[in-house]
Amino acid sequence: MITFSWFAGVWSEIRLDQTPSQVKRPGDTVKMSCTMSGFDMTSYYIHWVRQRPGKALEWIGRMDAGSNSAVYASSFQSRFTLTEDVSSSTQHLEATRLTAEDSAVYFCARAAQRLKTVEQLHKNLHSHLPERSK
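Sequential numbering from 0 applies to the sequence shown in numbering that gives the first Met the number 0.
These are calculated hints, taken from the structure and not from any lab test.
No experiment lies behind these values; they were computed from the predicted model shown.
Glycine included, C-beta positions come from ideal geometry on N, C-alpha and C.
Be aware that one or more of the hints could be misleading.
[Said to hold, decoys possible] Below, a list of computed lysine to aspartate or glutamate pairs in the DMTMM-like style, where the Cα atoms sit at most 20 Å apart: (1) Lys30 / Glu57; (2) Lys23 / Glu100; (3) Lys23 / Glu93; (4) Lys30 / Glu100; (5) Lys23 / Asp63; (6) Lys54 / Glu100; (7) Lys30 / Asp84; (8) Lys30 / Asp16; (9) Lys30 / Asp63.
[To be verified] Simulated DEER-style distance windows between Cβ atoms: (10) Val22 / Arg78: 14 to 24 Å; (11) Ala99 / Asp39: 37 to 47 Å; (12) Thr28 / Pro52: 30 to 40 Å; (13) Gly53 / Asp27: 17 to 27 Å; (14) Arg24 / Gly65: 26 to 36 Å; (15) Glu100 / Ser42: 11 to 21 Å; (16) Lys23 / Ser74: 12 to 22 Å; (17) Gln21 / Asp84: 14 to 24 Å; (18) Thr41 / Thr98: 26 to 36 Å; (19) Ser42 / Thr98: 32 to 42 Å; (20) Arg96 / Gly37: 32 to 42 Å; (21) Gln50 / Ile13: 13 to 23 Å; (22) Ala55 / Gln21: 17 to 27 Å; (23) Thr41 / Glu100: 26 to 36 Å.
Please take these sequences and the hints and turn them into a complete structure.
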């Protein structure tokens, strides 16, 4: 048996609510959801990480919310898929061909910064520099 657990994160009015824990068998597929409220999901990257028992956090990947464009850690890109439903402010993580190694607590997380591109970040940092540094 493979156990999937989730953690719901809450800060102020910002909410990320995940689907309840599930138990699956090796070879099965699991789809997890993360529904967001209190902010415009499409202005942020949404990350997925997991933690296996006794192990460090592992970054699975991130979705550029609103564009349906995902980036994955190389070790996850063959069996894990990130999708989204913008109309319901929901992100999904699907894992196929499950193994015992996939038994973990899975987390969705919103990026702390609203900025999505290097250009936006550069503009923001540049605007806060003292005049002589520009």
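Do the Cβ positions of Thr41 and Thr98 conform to the proposed distance bound of 26 to 36 Å? With a Cβ separation near 34 Å, Thr41 and Thr98 satisfy 26 to 36 Å, so the hint holds.
Do the alpha carbons of Lys30 and Glu100 lie within 20 Å of each other, as the hint requires? Within the cut-off at roughly 16 Å; holds.
Take a look at whether the Cβ-Cβ distance between Ala99 and Asp39 falls inside 37 to 47 Å. holds (38 Å)
In this structure, is the beta-carbon distance linking Arg96 and Gly37 contained in 32 to 42 Å? holds (35 Å)
When you check the alpha-carbon spacing of Lys23 and Asp63, does it fall within 20 Å? Cα-Cα ~28 Å, so violated.
Is 12 to 22 Å right for how far apart the beta carbons of Lys23 and Ser74 are? Holds, since Lys23 and Ser74 (Cβ atoms, about 19 Å apart) stay within the stated range.
Distance restraint hint 32 to 42 Å, applied to the beta-carbon atoms of Ser42 and Thr98: Taking Cβ atoms as reference, Ser42 and Thr98 lie about 35 Å apart, which means the hint holds.
Check the hint pairing Lys30 with Asp16 against an upper bound of 20 Å on the C-alpha distance. holds (14 Å)
Is the distance from the Cβ of Thr41 to the Cβ of Glu100 consistent with 26 to 36 Å? Between Thr41 and Glu100, where Cβ atoms are some 33 Å apart, the hint holds.
Restraint check for Lys30 with Asp84, where alpha carbons must lie at most 20 Å apart: holds (13 Å)
So if I understand the rule, the pair passes when the alpha-carbon distance is 20 Å or less; does Lys30 with Glu57 pass? Holds. Lys30 to Glu57 sits at ~18 Å (cutoff 20 Å).
Hint check: Lys54 vs Glu100, CA-CA at most 20 Å. Holds or violated? Given that 20 Å is the threshold and the Cα spacing comes to 11 Å, the pair holds.
The structure shown violates the earlier hints numbered 5, 12 and 15.
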